[in-house]
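Visitor: Read off the chains here:
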Amino acid sequence: AQKVTQAQTEISVVEKEDVTLDCVYETRDTTYYLFWYKQPPSGELVFLIRRNSFDEQNEISGRYSWNFQKSTSSFNFTITASQVVDSAVYFCALSEAFGNEKLTFGTGTRLTIIP
Amino acid sequence: DTGVSQNPRHKITKRGQNVTFRCDPISEHNRLYWYRQTLGQGPEFLTYFQNEAQLEKSRLLSDRFSAERPKGSFSTLEIQRTEQGDSAMYLCASSLMGTDYEQYFGPGTRLTVT
Numbered sequence: 003a004q005k006v007t008q009a010q011t012e013i014s015v016v017e018k019e020d021v022t023l024d025c026v027y028e029t030r031d032t033t034y035y036l037f038w039y040k041q042p043p044s045g046e047l048v049f050l051i052r053r054n055s056f057d058e059q060n061e062i063s064g065r066y067s068w069n070f071q072k073s074t075s076s077f078n079f080t081i082t083a084s085q086v087v088d089s090a091v092y093f094c095a096l097s098e099a100f101g102n103e104k105l106t107f108g109t110g111t112r113l114t115i116i117p
Numbered sequence: 583d584t585g586v587s588q589n590p591r592h593k594i595t596k597r598g599q600n601v602t603f604r605c606d607p608i609s610e611h612n613r614l615y616w617y618r619q620t621l622g623q624g625p626e627f628l629t630y631f632q633n634e635a636q637l638e639k640s641r642l643l644s645d646r647f648s649a650e651r652p653k654g655s656f657s658t659l660e661i662q663r664t665e666q667g668d669s670a671m672y673l674c675a676s677s678l679m680g681t682d683y684e685q686y687f688g689p690g691t692r693l694t695v696t
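In the order they appear, the protein sequences are chains A and B. Position 33, counted from 1, in the first sequence is what the working numbering calls 35; the numbers after and before it change by one each time, with no gaps. Position 7, counted from 1, in the second sequence is what the working numbering calls 589; the numbers after and before it change by one each time, with no gaps.
Quick caveat, the hints were computed from the structure, so don't treat them as lab data. Accuracy of the hints is not assured; some may be wrong.
What the hints assert, rightly or not - Capping the alpha-carbon separation at 25 Å, the derived lysine to any residue pairs in SDA-like fashion look like this:
| id | chain 1 | residue 1 | chain 2 | residue 2 |
| --- | --- | --- | --- | --- |
| 1 | B | Lys639 | A | Thr29 |
| 2 | B | Lys639 | A | Ala9 |
| 3 | B | Lys653 | A | Glu103 |
| 4 | A | Lys5 | B | Gln623 |
| 5 | A | Lys40 | B | Lys653 |
| 6 | B | Lys639 | A | Ala99 |
| 7 | A | Lys5 | B | Gly585 |
| 8 | A | Lys5 | B | Pro590 |
| 9 | B | Lys596 | A | Gly45 |
| 10 | B | Lys639 | A | Tyr34 |
| 11 | B | Lys653 | B | Glu610 |
| 12 | A | Lys40 | B | Ser644 |
| 13 | A | Lys40 | B | Asp606 |
Claimed, not checked - Among chain A residues calculated to face chain B with C-beta under 8 Å, some are:
| id | residue |
| --- | --- |
| 14 | Gly45 |
| 15 | Glu46 |
| 16 | Phe49 |
| 17 | Leu50 |
| 18 | Arg53 |
| 19 | Thr80 |
| 20 | Phe93 |
| 21 | Lys104 |
| 22 | Leu105 |
| 23 | Phe107 |
| 24 | Gly108 |
| 25 | Gly110 |
Unchecked claim - Stretch-level coverage of chain B by chain A, calculated; a stretch enters the list once three of its residues show a Cβ under 8 Å from a Cβ in chain A:
| id | stretch |
| --- | --- |
| 26 | 615-625 |
| 27 | 666-677 |
| 28 | 684-690 |
These figures come from a predicted structure and were not determined experimentally. Here a beta-carbon is modelled for each residue, glycine too, at the ideal position from N, C-alpha and C.
Working from the sequences, and respecting the hints, build out all of it.
Guide: Right, dumping it as structure tokens:
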């Protein structure tokens with residue numbers, strides 16, 4: 003069975019600070035995908051990134067970066083120079099690579115950026 | 583390109599009533615998923631369709647729940663004899679199998695059972 007753990011329930015940081023959101027996953031599949039979604043107060047889930055299990059290269063997109071480490075089954079997300087607009091609930095998710103690709107989500111981390 | 587739309591956005595119903603939600607996926611997407619999200623939790627998978635075929639249902643989906651996707655376009659999720667425990671946000675997502683598999687989510691339907 004697949005499982006995603008986001009141990010940080012809530013994080014608050016002052017604007018412009020860097021913040022890292024942790025994600026640890028469990029799966030028996032050798033091929034799988036990892037995702038991060040953002041859920042702002044409006045409620046709609048916004049896709050941020052998808053990574054497959056064979057691609058361990060870290061990725062940077064503007065102020066966002068992702069660190070995928072297969073050895074520790076972690077897929078952490080860092081926001082650099084945080085802004086108030088980054089305040090949201092962030093979900094890490096996992097899917098098998100072949101089949102229905104249903105997403106297994108973690109419980110989310112509520113991030114609050116204090117102006 | 584319009585996104586995934588869901589109607590209604592909010593539904594308040596009394597316990598024991600039936601409710602139906604609708605999801606319109608992105609037009610060319612052949613896969614459609616339903617998830618349920620309760621307060622403080624991540625979305626949980628309920629069921630999914632590939633075109634008009636319902637290929638998997640979660641154990642969360644009791645026999646009071648039924649989903650359809652006639653003609654492989656929009657989908658409906660019906661809950662019969664609603665219970666207070668059904669109160670949640672019901673999310674729909676769609677994807678195009680064979681490309682990037684990214685699931686695009688709709689705004690959700692928030693159900694409150696009183």
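Visitor: Work down the list of hints and note, for each, if the structure agrees.
Guide: Here's how the hints hold up against the structure:
1. Only pairs whose Cα atoms come within 25 Å are accepted, and lysine 639(B) paired with threonine 29(A) is accepted, the gap being roughly 20 Å.
2. A threshold of 25 Å between alpha carbons decides the hint, and for lysine 639(B) with alanine 9(A) the separation of about 28 Å lies outside it, so the pair is violated.
3. Proximity of lysine 653(B) to glutamate 103(A) is assessed by CA-CA distance (about 22 Å); at most 25 Å being required, the pair is judged to hold.
4. For the hint linking lysine 5(A) to glutamine 623(B), the alpha-carbon distance of about 14 Å falls within 25 Å, and the restraint holds.
5. Restraint check for lysine 40(A) and lysine 653(B): not satisfied, since their Cα atoms lie roughly 32 Å apart, outside the 25 Å limit.
6. The straight-line distance between the Cα atoms of lysine 639(B) and alanine 99(A) is roughly 18 Å, inside the 25 Å bound, and the hint therefore holds.
7. Taking the CA atoms of lysine 5(A) and glycine 585(B), the gap is about 29 Å. The hint is violated against a cut of 25 Å.
8. Between lysine 5(A) and proline 590(B), the direct Cα distance comes to roughly 31 Å. Violation of the 25 Å bound is thereby established for this hinted pair.
9. For the proposed pair lysine 596(B) and glycine 45(A), the alpha carbon gap of about 24 Å is at most 25 Å, so the pair holds.
10. The straight-line distance between the Cα atoms of lysine 639(B) and tyrosine 34(A) is roughly 20 Å, inside the 25 Å bound, and the hint therefore holds.
11. Annotation: proposed proximity of lysine 653(B) to glutamate 610(B) holds, straight-line Cα distance about 13 Å (limit 25 Å).
12. As the CA atoms of lysine 40(A) and serine 644(B) are separated by approximately 29 Å, the hinted pair breaks the 25 Å bound.
13. Distance check on the hinted pair: lysine 40(A) and aspartate 606(B) sit about 21 Å apart at the alpha-carbon level, within 25 Å; holds.
14. Interface hint at glycine 45(A): satisfied, since its Cβ lies 6 Å from the closest Cβ of chain B, which is below the 8 Å cut-off.
15. Satisfaction of the interface hint for glutamate 46(A) is found here, the shortest Cβ-Cβ separation to chain B being roughly 5 Å, below the 8 Å cut-off.
16. Taking 8 Å as the C-beta contact cut-off toward chain B, the hint placing phenylalanine 49(A) at the interface holds, the least distance being around 6 Å.
17. A cut of 8 Å between beta carbons decides the hint on leucine 50(A): the least distance to chain B is about 10 Å, and the hint is violated.
18. The closest approach between the C-beta of arginine 53(A) and any C-beta of chain B is roughly 12 Å, which is over the 8 Å cut-off, so the hint fails.
19. Checking threonine 80(A) against chain B: minimum C-beta separation of about 20 Å lies over 8 Å; hint violated.
20. Residue-level restraint check for phenylalanine 93(A) holds (minimum Cβ-Cβ distance to chain B is 5 Å; threshold 8 Å).
21. Checking lysine 104(A) against chain B by beta carbon gives a least distance of about 4 Å; that is within 8 Å, so the hint holds.
22. Interface hint at leucine 105(A): satisfied, since its Cβ lies 6 Å from the closest Cβ of chain B, which is below the 8 Å cut-off.
23. Interface hint status for phenylalanine 107(A): upheld, as the beta-carbon distance to the closest one in chain B is roughly 3 Å, under 8 Å.
24. Taking 8 Å as the C-beta cut-off, the interface hint given for glycine 108(A) holds, the closest approach to chain B being about 5 Å.
25. Look at glycine 110(A): its Cβ gets to within about 5 Å of chain B, closer than 8 Å, so that hint holds up.
26. Coverage of a stretch by a chain is defined here by at least three residues with a beta carbon nearer than 8 Å to that chain's beta carbons; for the stretch 615-625 of chain B and chain A the count is 6, and the condition holds.
27. Coverage of a stretch by a chain is defined here by at least three residues with a beta carbon nearer than 8 Å to that chain's beta carbons; for the stretch 666-677 of chain B and chain A the count is 4, and the condition holds.
28. For the stretch 684-690 of chain B, the stated coverage by chain A holds: 7 residues have a C-beta nearer than 8 Å to a C-beta of that chain, and at least 3 were required.
Hints 2, 5, 7, 8, 12, 17, 18, 19 from the list above are not met by this structure, while the remaining hints are.
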